[in-house]
Amino acid sequence: MMEPQTIVPISVGEVVQKAEQEKKDGCRLVLMSCTKIDDIFEVIYSYEKDLRLKNYRITVKQGDEIPSISGIYWGSFVYENEMNDLFGLNVTGINIDFKGHFFQTSVKHPFSVTITKEDDACQNR
Amino acid sequence: MTYLAKSPWLIHYDASSCNGCDIEVLACLTPMYDVERFGIINTGNPKHADVFVVTGGVNELNRAVIKNIYDQMVEPKVVVAVGICACSGGVFRECYNISGGIDKLIPVDVYVPGCAARPESIIDGIVTALGILEEKRKNMTNVPQKSADNSASHNQNNQSAGGTQ
Amino acid sequence: MSKQIIIPFGPQHPVLPEPIHLDLVLEDEKVVDAIPTIGYVHRGLEKLVEKREFPEYVFIAERICGICSFIHSQAYVQGIEQIMGLEVPERAQFLRTIWGEYSRMHSHLLWLGLFADSMGFESVFMNAWRLREHLLDDMEATTGGRVIQGVCKVGGVRKDISPEKLDEMLKGLRTLEHELRDLLNVFLYDSSIKYRLKGLGKLSSEDAYYLGAVGPTARGSGIDIDMRSTGYGAFDRINFKPVVEHDGDCYARCAVRAKELFTSIDIIDQCIRKMPDGPVDMKFTGAPDGEYFSRAEQPRGEVVHYIKGNGKRNILRHRVRTPTFTNIPPLVTLLKGVELADVPVVVLTIDPCIGCSER
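Protein chains in written order, with the working numbering: chain W, 57 to 181; chain C, 15 to 179; chain P, 319 to 677.
For reference, chain W alone in the conformation it holds in the complex:
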């Protein structure tokens, strides 16, 4: 049967500390996921050990600084660059920072704006 899941809310300041703790416990980073709800962005960090997911959620506003965890989990740069490019979130201190060139899209930060088909930049070219 499917596992039950919980998401623990944490503050932005705790992100790095939690990542360190999870790595010490022998968890791997499964994913970082971002959702825009009205004006705020939710970022979920999911770790896993022995097939059990542990999720932590932070909520930020556009322009808030999010510390990178790429110093702890080297591979997190793909998620953090994705957040930068698609949501326009300000993740600082990424080990391999593509500076907005990881995903190149016709609309800047497509997931942070509402796009209607008519004024879609790529559609009319």
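By construction, these hints were calculated from the structure, which means they are not laboratory data.
Among the hints, a few may not be true.
[Unchecked claim] Here are the computed lysine-lysine pairs in the BS3-like style, where the Cα-Cα straight-line distance is at most 30 Å:
1) W/K110 x P/K559
2) P/K477 x P/K630
3) W/K155 x P/K348
4) P/K630 x W/K110
5) W/K92 x W/K79
6) W/K164 x P/K477
7) W/K79 x P/K559
8) W/K117 x P/K630
[Unchecked claim] A partial selection of chain P residues facing chain C, derived with a Cβ cut-off under 8 Å:
9) P329
10) L363
11) K365
12) L366
13) R381
14) C383
15) R591
16) M593
17) G596
18) G673
Just so you know, even glycine gets a beta-carbon here, dropped at the ideal spot from N, CA and C.
Got chain W; can you put chains C and P on it based on the hints?
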């Protein structure tokens, strides 16, 4: 078209397809469907290719790549848009990053619809394209029309047929 | 230190059916760094949840990738079902498992073929794809589609398979198994393949784990991550053991995929024997309100579909974390130190699926 005078080679590029059509294009080359019986070989080099098979719609980043591959191909050349995404954008036409079909960027000669396009229809599309290719070659000026056409398709100065947009 | 040069690899490259771009920083013939650029296949389909209602969105979810198509739709619908608390009929779960394993086998055979081609074994490529057609025929006969099936829906599946057809499929698989052994002898025991692959592109198990490797890339390095062990679909009623190799080189990753073909045949066999009777779909009302991380094992590894709904017909967010996306950091690590001529082989051993990773 009843017979082929030459062995047309094709180049395949995955524009922004989901892979479904790509693997069907590859499946055409393998023993079950075997387009090699028409003398068709999948090449990786645009300068060797006569047929440009594109799958998927145009997006922001691959715009330049498609144009570049197309421009590097020698005249005469034909473009086959495989799959509904390459024809019109398909299910993804409303995505912010998709402009639509390949014909927004380069002239398309044959449209092969389907999601994913079946190997049979891809082969049919390519064989149709070969007829168009032959036609284009005939219509090229300053090409020797009879015999001695070994050097004909190597004439790069001629841009009268096909042409770029 | 000798002079460094940068060689662009892709996006249009003969060994890759799909576009990925790597800037390879070379010293002489050795790769010292690899910088990936992606986005050539980026469509932005996650944003389509705003325009498509959730039952209809299954078709978009399926078209994230044409190779892993079925498992994408399965992972998406099981996330929706979990949030809505739907108890899907048993028979539907078994059918999903069977089709899932079929798509795993066709993907592995496809990969083995491309992999052989990248090493110059063209006849093996042709043979692998010839065998793959048997699987696609069965797929087509039972679902109506070769690579995109469109058979999964919220609450069950669209088509049932008759007992006679199930028997026929089982017989077909037995014949296939026999032919597969012949083919896989080449990959597992051929001396020139061994010479080419053993010791090439080593990924230590610690690196694999913490860099986020999943699927055969992780299992080749001795990490037992297989989402099928979580028992989604009908896997909680099936006995199977994940294939794990310990060397962490290209040969190990190839061997994992080769041996998984037989695991899949065994799983389908068990499913057909244990197949319960009953309906294959159910009616439901309402819309998902809640969030869930739905995980499934794709041919390339663990896929996570994060679904968040707010009780409306259009869900709020659908986020897909595909196996290739998380296999990019291990790939970058793997490429450091290999020879330029080995780059295509090493890139292929993670089985990159760009259509998946860029969505």
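Report task. Answer holds if the nearest beta-carbon of chain C is closer than 8 Å to that of P/K365; otherwise answer violated. Result -> Hint on P/K365: holds, closest Cβ of chain C at ~6 Å, below 8 Å.
**Report entry** 30 Å limit on alpha-carbon distance, applied to hinted pair W/K110 and P/K559
**Finding:** 25 Å, holds
Query - Restraint check, 8 Å cut-off on beta carbons, for P/R381 near chain C - result: 5 Å, holds
Query raised in the report: Minimum Cβ distance from P/G673 to chain C below 8 Å?
Result: This interface hint holds because 4 Å falls under the 8 Å limit.
Query raised in the report: Within a Cα-Cα threshold of 30 Å, do W/K155 and P/K348 meet the stated pairing?
Result: OK: W/K155 and P/K348 at ~27 Å, within 30 Å.
Query - Closest C-beta approach of P/L366 to chain C relative to 8 Å, hint status - result: Holds, because the Cβ-Cβ distance from P/L366 to chain C comes to roughly 6 Å (cut-off 8 Å).
Query raised in the report: Is the hinted pair P/K477 and P/K630 satisfied, with a Cα-Cα distance of at most 30 Å?
Result: 28 Å, holds
Query raised in the report: Are W/K164 and P/K477 close enough, with their CA atoms no more than 30 Å apart?
Result: 42 Å, violated
**Report entry** Restraint status (C-alpha distance of W/K79 to P/K559 at most 30 Å)
**Finding:** Given pair W/K79, P/K559 holds - Cα atoms ~27 Å apart, limit 30 Å.
Query - Residue hint P/G596, partner chain C, criterion CB-CB below 8 Å - result: Since chain C brings no Cβ nearer than about 31 Å to P/G596, farther than 8 Å, the hint is violated.
Query - Satisfaction of the P/C383 interface hint, Cβ to chain C closer than 8 Å - result: For P/C383, the interface hint holds, since the closest Cβ of chain C sits about 5 Å away, which is under 8 Å.
Query raised in the report: Given P/M593 was flagged as interface, is its beta-carbon under 8 Å from a beta-carbon of chain C?
Result: This hint is violated: P/M593 lies away from chain C, its Cβ roughly 28 Å from the closest one there, beyond 8 Å.
Checked against the numbered hints given earlier, this structure breaks hints 6, 15, 16, 17; the rest are met.
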